[in-house]
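A.B. asks: Residues per chain, in single letters:
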Amino acid sequence: MALTTNYSNKSLLILDDMPEARSSLRSQVGMLGFERVVVSGNARDALEQFRKHRFDVILADYYLGEGTDGQQFLEFLRTRHIIGRGVLFIMVTAEKRYESVVTAAECLPDDYLLKPFTAEVLKLRLERLLEKKQRLARIDKLQDRGDWTGVIAACDEIIEARDRYMVDAMRIKGNALIAAGRHDDAVVFYQLMLLERPLPWSKLGLARALHLRGDSTDSKDTLNGLIAEAPQLMAAYDLLGKVHLASGDPDAALAVLDSACAISPNSLARHRAVASVAEEKGDFKRVEQALDKVVRRTRNTPLRETNDIARLGNALTELGEPAKAVSIIGEALTNYKGDAQDPMLAAVEAVAQQKAGNPDKARAALERALQADATKLPVATTMAVAKACLSTGRHDEAQGILRKLVQTHHEATDLHQRVSTVLRDHGAAAIAESLVADSVNEIIQLNNDAVRRARAGELGPAAQMLTEAAQRLPGNTQIVANAAAALYFDVLHNGLDAEKVRQAQVFQKAVQAVAPGHPKLAEIAALVSQIREKFAASAQ
Amino acid sequence: MIDFPALAALTIHDVKNRLNLLVQLAERKGDSETLRLAMEAAATLMRLLHAYKAGTGQLQPNLDARVPADLVDELAAEFRAQTPLRLELELAAAPVLAYYDEALVRMVLQDALYNAMRHARDTIRISVRSVAGQIEFSVADDGPGYPPQMLGTPAMAMAADGGGTGLGLYLAGQVARLHVNGDRRGEVCLGNDAGAVFRLRLPL
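So the protein lines, in turn, are chains A and B.
With the numbering used here, the residue at position 135 of the first sequence is 257, and numbering never jumps.
With the numbering used here, the residue at position 185 of the second sequence is 1031, and numbering never jumps.
Where hints are given, some of them may not hold.
To be verified - These stretches of chain A come out as covered by chain B in the derived footprint (C-beta under 8 Å, 3 or more residues):
id, region
1, 129 to 135
2, 234 to 244
3, 282 to 296
Think of the hints as simulated: they come from the structure by calculation, not from any bench.
The beta-carbon is built from N, C-alpha and C at its ideal position, and this holds for glycine as well.
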């Protein structure tokens, strides 16, 4: 075994707001043989470094000053995919207590290093963690790619080996089962883990799996038990809030999130979550309170998000203060050039300007909002753009946008209600119900027609119909999956056609990417292997 | 009115940051005596912080799967830099993984090691093994041994004497008790062999 690990080819970032600590740590890692070392004194500068360099190891102090900390920095890096799972992130801290307050497992650092520590201990720790990264490298890559079946198989290999990485692999496997949509398997998996040893993360995993398969009562019971045992585990409150919301109880969701905010008042994610629940309830005073805190705290930091400004602007407009909304949006547009391209912000500005008595400016903002590719926008943004059209009198465009939104999510009844409500609120009560009903019927009709024609042996026309619909509504997973199946079915019976196979593969991949657990995928996979068998045989 | 606990927490944080610089400076100069003084001062602060947490019900374990051999290797590296005493490790019977709060167990073992350093003649032995459904960490020295009245598992009663050893043992007992699996709890056990033997046993 090599006595010294070669670090000369590894690049390392040191992030600490204290100059003495930076130079001391730098000389420590220099003694260990690191040659490619970059030091940063704040998160903004560190992010700048990520544009220029790729790092293997990040040593970040928990305290960073300037209203940010190492945890927020890490969450930013992971949620924006600035660093992959293969990058080693070590949090340097004087006290051990932060780990329990963290939001999501994937936003946990790889390890904590408690001060004071000697260079020798740092060396041992780095060796071990890099060894672990190496052992888990394949799994990290599969996870980054979203290949959950691959992740599960790779985890099983490590679990069977029963070595020191066994529990790490179990943890990843549980997440992968959930990500793959195998909720029943995840429930069984976590229940077995809990029999072996009750740990907070496996209880949390069980609650998440129960929630996703629709057992909201069991999920709530599990979470309430977990919170009683581990009141510092913020992720439990966040999930409980979601479960309450999903079971139609936004008041309970808000109460849970409030108690979490009281324990961990600095978490931006939690204030944002409070705002989302309050939006759902239509409680814009609460939205304003929560987002005002977030916007203040992240002003001129890398953690600021344009979306916060947009939602705060919307809340202010709803509260009858469009001038205030116009002012905060104006400030954002002046200071951040990129914000002008944000369709959500532009849509919110259009409504606020209209209400503030500036129709010209409203029109200009709406034009910016309409420039974005509507098929790629999130639901909330699409709703905001439709609302902006309605507020400025462009009803035809609004109806077009809403019709497409309903057809993309033709089974999301809660969204359908929101669409009807927004139409009613903007003087279109007459069509509020019919627009939704007609749009949904059109999709159902289309699916039925395709099935009927397929049964009548018209496989080509059936596939053609669904392909057109899938191209028009790329966000409707059911239509896209049906189109893939219809194309493969057509090929299976009527012979190989390169173009049809290519198109089917595009649809299949699109479904895998957004809904890896979609029930239709198994049927599609079976068709593909039938096609392979049939045409491989005939080729011989 | 000054919020004393908050001020104390900030002060502990600040002093630990300075001690960290001192440790790194001493290490660069190869000054093991200063290194030991700084590390031991940090351990004293840790005891203060944990005593406060224990007293206010905030001492909560964060159990997770850990590799005990790694913890002991790190402690050995840390203490070899501080003392000329021989440090022997016995890890052959250690479980690969065990569930415990690493930061708390580290603190308890550090305190036991400083105590052993004060009494050992020339050797300290750290061993880890699994025995009867428990993981046992032990720190043994070759000094005069514990006085008879301290033997056994009376660690909880010793907080009151105010000295470093008393507080350390009190916290060790608290940490042990916080490690629970079903109806089994951890314990601290003091014995004499060739010298004093400190044992921390946690349910596997």
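A.B. asks: Indicate, hint by hint, whether the structure satisfies it.
C.D. replies: Hint by hint, here is what the structure shows:
1. 129 to 135: violated (count 0)
2. 234 to 244: holds (count 9)
3. 282 to 296: Result for this restraint: holds, n = 6.
Hint compliance for this structure: hint 1 alone is broken.
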